[in-house]
Structures are given as structure tokens and as C-alpha cells.
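> Here are the chains, one letter per residue:
There are 2 protein chains.
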Amino acid sequence: MEQARIVKSAAEMRNLARQGRWRGTTAGHCPAHQQANLVILPKEAAAEFAAFCTRNPEPCPLIEITLPGDPEPARSAPGADLRTDVGGYRFYRKGELVEKRGEIRDLWRDDLVAFLLGFSFTFEHALIEAGVGVRSIECDTIISMFTTNVPCRPAGRFHGPHVVTMRPIPEGQVRQVSELSGRYPHAHGSPIHVGSPEAIGIADLARPDYGGPVAIHKDEVPVFWACGVTPQAVALEARPEFMITHEPGIMFLTDLPREG
Amino acid sequence: MEQARIVKSAAEMRNLARQGRWRGTTAGHCPAHQQANLVILPKEAAAEFAAFCTRNPEPCPLIEITLPGDPEPARSAPGADLRTDVGGYRFYRKGELVEKRGEIRDLWRDDLVAFLLGFSFTFEHALIEAGVGVRSIECDTIISMFTTNVPCRPAGRFHGPHVVTMRPIPEGQVRQVSELSGRYPHAHGSPIHVGSPEAIGIADLARPDYGGPVAIHKDEVPVFWACGVTPQAVALEARPEFMITHEPGIMFLTDLPREG
Chain A
1 MEQARIVKSA AEMRNLARQG RWRGTTAGHC PAHQQANLVI LPKEAAAEFA AFCTRNPEPC
61 PLIEITLPGD PEPARSAPGA DLRTDVGGYR FYRKGELVEK RGEIRDLWRD DLVAFLLGFS
121 FTFEHALIEA GVGVRSIECD TIISMFTTNV PCRPAGRFHG PHVVTMRPIP EGQVRQVSEL
181 SGRYPHAHGS PIHVGSPEAI GIADLARPDY GGPVAIHKDE VPVFWACGVT PQAVALEARP
241 EFMITHEPGI MFLTDLPREG
Chain B
261 MEQARIVKSA AEMRNLARQG RWRGTTAGHC PAHQQANLVI LPKEAAAEFA AFCTRNPEPC
321 PLIEITLPGD PEPARSAPGA DLRTDVGGYR FYRKGELVEK RGEIRDLWRD DLVAFLLGFS
381 FTFEHALIEA GVGVRSIECD TIISMFTTNV PCRPAGRFHG PHVVTMRPIP EGQVRQVSEL
441 SGRYPHAHGS PIHVGSPEAI GIADLARPDY GGPVAIHKDE VPVFWACGVT PQAVALEARP
501 EFMITHEPGI MFLTDLPREG
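From first to last, the protein sequence lines are chains A and B.
Under the working numbering, the first sequence has 61 at position 61, and the numbering climbs by one with no breaks.
Under the working numbering, the second sequence has 509 at position 249, and the numbering climbs by one with no breaks.
Derived from the structure by calculation, the hints contain no laboratory data.
All C-beta atoms, glycine included, are put in the ideal place defined by N, C-alpha and C.
One or more of the hints may lead you astray.
Across the chosen pairs, the derived CB separations fall in these ranges [what the hints assert, rightly or not]:
{"id": "1", "chain 1": "A", "residue 1": "L205", "chain 2": "B", "residue 2": "N409", "range": "26 to 36 Å"}
{"id": "2", "chain 1": "B", "residue 1": "G509", "chain 2": "A", "residue 2": "R23", "range": "47 to 57 Å"}
{"id": "3", "chain 1": "B", "residue 1": "I402", "chain 2": "A", "residue 2": "H217", "range": "35 to 45 Å"}
Using 25 Å as the maximum straight-line C-alpha spacing, the simulated BS3-like pairs for lysine-lysine come out as follows [what the hints assert, rightly or not]:
{"id": "4", "chain 1": "B", "residue 1": "K360", "chain 2": "B", "residue 2": "K303"}
{"id": "5", "chain 1": "B", "residue 1": "K303", "chain 2": "B", "residue 2": "K268"}
{"id": "6", "chain 1": "A", "residue 1": "K8", "chain 2": "A", "residue 2": "K43"}
{"id": "7", "chain 1": "A", "residue 1": "K8", "chain 2": "A", "residue 2": "K94"}
{"id": "8", "chain 1": "B", "residue 1": "K478", "chain 2": "A", "residue 2": "K94"}
{"id": "9", "chain 1": "A", "residue 1": "K43", "chain 2": "B", "residue 2": "K303"}
{"id": "10", "chain 1": "A", "residue 1": "K43", "chain 2": "B", "residue 2": "K360"}
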């Protein structure tokens, strides 16, 4: 498995998932390419969700919307099949988790629309290459995520607060990190807040709402980015009749270059 | 009228349009803000058109998709009304122009979805500020646009070639112009071709498919950018039952900063 982290292309990784031979996290894989969040909704809800995403491009950067009923993301991964090529899926009904799945072939319907949304693994690779440590990767934990009191712009049934990721950054590197991540608007872009968790409604950095806690060293400040969990949390909250997402941490690997 | 070119905000310009007091081109107006192409389609066709736009982000950079039935672009111009705030509209049925309009209040329906798409007036302002002449503005003509032989990625009923704009650029400035426009992915970004019109299926630069011809001086090369006329041409070709667009050159003025 470890070998695959180094040598496989995105297409090869998708093919392994399709064959049921790969189910792990995509963190650290295919660093030259964009990774994507997946949300699948019936057409009826998808029209409102498309409006929600374009109204909130920081947490919901649209990579691709598929044709209703067509599981191929023809721009971001020609030939891929979104029913089989992700390493893990979650199936929800009315906001309740019904089942975790390795593929969703038999759940697919003619009215389903898939949304691929940008993901911060994309800019993390750029930070590491620039010599900025990403603690959650160093410590092999899932990045700390927090629900804030910063509301998204609502769109019909879809509304709710921003979820953010937090990375501890040495004070002297904050400007460099902001500029570097700002080059990735398709992967959440610049931080939405630096410094005061209380200012955005976060009570305790040691108790993230998703993922694990990480240490913040003496010379570091917490830096917060819009997070791709936001659209999933908002979609769940709306309790759509039918929804499928990827399993957290197991993203869709696109063929798109990281730089967009 | 000339005074308005200098002093009015985007909101003031939209308000003048809403009152029927302004119907001119938006070229040169509100240079600090993004201008947008407008395409309005029934929900049924809008799902496929959203897929088409995300598959072709160079000609179709999505600024905002509205909620079905809601004419307010809540992110790009809160409080605006897309039924009245554009200086000119075109109404099509099955691909045929039915009527030019100053407002579309009585045509609005609960199933209509509006698409706001990026437009190259946005980066032209940046070129001018950097000291690069834009000949069509200097000569007060509509920019030269050409239908190419470069196909868009199809999505359902929507397919067709790229339409491009052409600007003559001094050879020594091509790199600067490419980099500068590349900072505006929400407004077509970098050129898609430099130099040989034949290579992209253009027979005669003196005979544009849309807009007017411009002189190309001895030290200049033609530079081609993806163009927001593409999605309109493609949508028209699909002959949707009902479609409304802005009048060419009379764009929707958003409140979004030019830099995205």
C-alpha cells in the first residue's frame, strides 16, 4: 500500500478503487493534482445547491458539476466513473447516515447530479514544498476542523455556518502562507481568519468538531481556512431525501493540475 | 451620460438601468469591479448548462448561479434585480431572437435560473493600467471576435466551438499580457492562442464573426482569449424553448472587486 503513495497516477488510483483494491485516505497521494470533495444530490435539490456553492466560493469552490444521470466528470477526470472510483462513500437519507459503501453502482439514478468541490489537500502540498510544516500531516492525524459562527450566504433550503480547518503557523510565516494559499482559489484560497478563535465563535482549539487536535507551539498562531466540510454539513442539515458523499479523508483524485 | 462613466458606482448604474434612465454600453464603466455576461434559462435546461460551464471554465467562468425563480444575485450584487438592472436584454425562443427589451419583469418565471459569467472587460482595465493599449477601446469599436475550430467539451444538448476575442499586442509585451490576464481566471485568464489565426481555424482577421475589425501593426501579433460569447453561441445553437441574455456590450455590473 505504501508504495502506491509514491508511484501511482490519479487514473491508476481511481482504477484500484474501481476494482475494490484500494480504500485508504488520499492524503499525500498525487500531490501534483487537485483532490475533490464529492456531493451527489437529485436534480431537484441540485439547482439550489449549485446556487449555494456559487454564493459561497470560499468553502465551496466548484471544480465540476456533472450532467444529470452521467457519472463521468468529463473535464476533471475524463473516463472516470464517480460511482466506483472513490475509495469510500457515505449514503444518507433525510440527513441520516444509512450506509458506508465501497461503490454506489446500484444506488445511481438518472436524476442524480454530482458536485466536485475543491479541497485543501491541494494547497497543503504547496505549503510543504515551500518548507512550511503542516502539523496534521507531520503527526499523521486528521486536520482539526471547527464549526464557526460565520454564516454562509443562504440559498433556498441550504444555509448554515462556515466550517474551517486550523493549521498552527509560525508567526513569521503567516504572510507567506496566506499568499501561497491565495494562489489556490479553487482550493479555498487565503485564510478567512488569523489569530483569535473566539472572534469566529470557536471556544476551545483542543476540541475540534471534526478531525483531531494538534499542539500549537509558543511562536505559532492558529490560522483558519474555509473548509470543504462546509457544503457537506450544510447539505446534511437540509435533510435532502437522498444524498451521497465521499468518506471523509478519502477524496476523488482528479487529473487536473494542482495550479488550476 | 459621459459623467456617469466616471463617477457612478455599480449599484448606481444598476439603479439607473432599473429606472430606464440608462441603456448604454458598460465598456469603461466601474473599472474596479467585475462585469458579467448574463444567460437565463429554464431550470430543466439549466442543469445541463451548469455542467457545460464547469466543463469549459476558460470561456464560461461561473461568477454566480441564481436560485430558481429568484432574480437576486445575492453574492455578486446583493439587492440587485436581474429582471431590471441590465441596460439591455435579448429574448429568444427556440434559438430565434423574438425581442430586444429594456427590462424583462413580465417574462420572469418561477423556474428561471440566471447564470452570471466572467467577461474580459474585467482584465482589459488591468492591461490599460499596466500601460498596454487595447486597440478596440482606443478606436472605440466593439472588440473583434471569431468563431474557431477548437471545440468546447460538450454537455448534453450544449456543444460547439470556442469563440475568441483578438487583441493585437506588441511582440515584446505578449509575455507580460499573458501573465497579467492569467491573474483573472474568473475573466477568461491567459490567452488560449498566440500568433497563427489559421491554427485555430480563423481565415481572415479583417472579417470578425462579431464586433469590428482592428488594424494590426507591424511589430504586433494577434493574441486570442476565450470569450464569453461562447456560452451564448452554444446556448443559442441548442435552441432552448426559452432564453434571455444581456444585449452584447451591455453587461451586468457586479459589486465584486476586479481581482476576484
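> Could you run down the list of hints and mark each one as holding or not?
Against the structure, the hints come out as follows:
Between A:L205 and B:N409 the beta carbon distance is about 56 Å. The supplied range of 26 to 36 Å is therefore violated. In this structure, B:G509 and A:R23 meet the distance hint of 47 to 57 Å, their C-beta atoms being roughly 54 Å apart. For the pair B:I402 and A:H217, the supplied restraint of 35 to 45 Å is violated, since their beta-carbon distance comes to about 58 Å. Between B:K360 and B:K303, the direct Cα distance comes to roughly 22 Å. Compliance with the 25 Å bound is thereby established for this hinted pair.
At most 25 Å may separate the alpha-carbon atoms for a hinted pair to count; B:K303 and B:K268 exceed this at roughly 34 Å. Between A:K8 and A:K43, the direct Cα distance comes to roughly 34 Å. Violation of the 25 Å bound is thereby established for this hinted pair. For a cut-off of 25 Å, the pair hint linking A:K8 to A:K94 is broken: about 37 Å separates their Cα positions. Of the pairs offered as hints, the one joining B:K478 and A:K94 is violated, with about 66 Å between alpha carbons and a cut-off of 25 Å exceeded.
A hinted pair counts as satisfied when its Cα atoms are at most 25 Å apart, and A:K43 with B:K303 qualifies at roughly 10 Å. Between A:K43 and B:K360 the CA atoms are separated by roughly 32 Å; this puts the pair beyond 25 Å, and the hint is violated.
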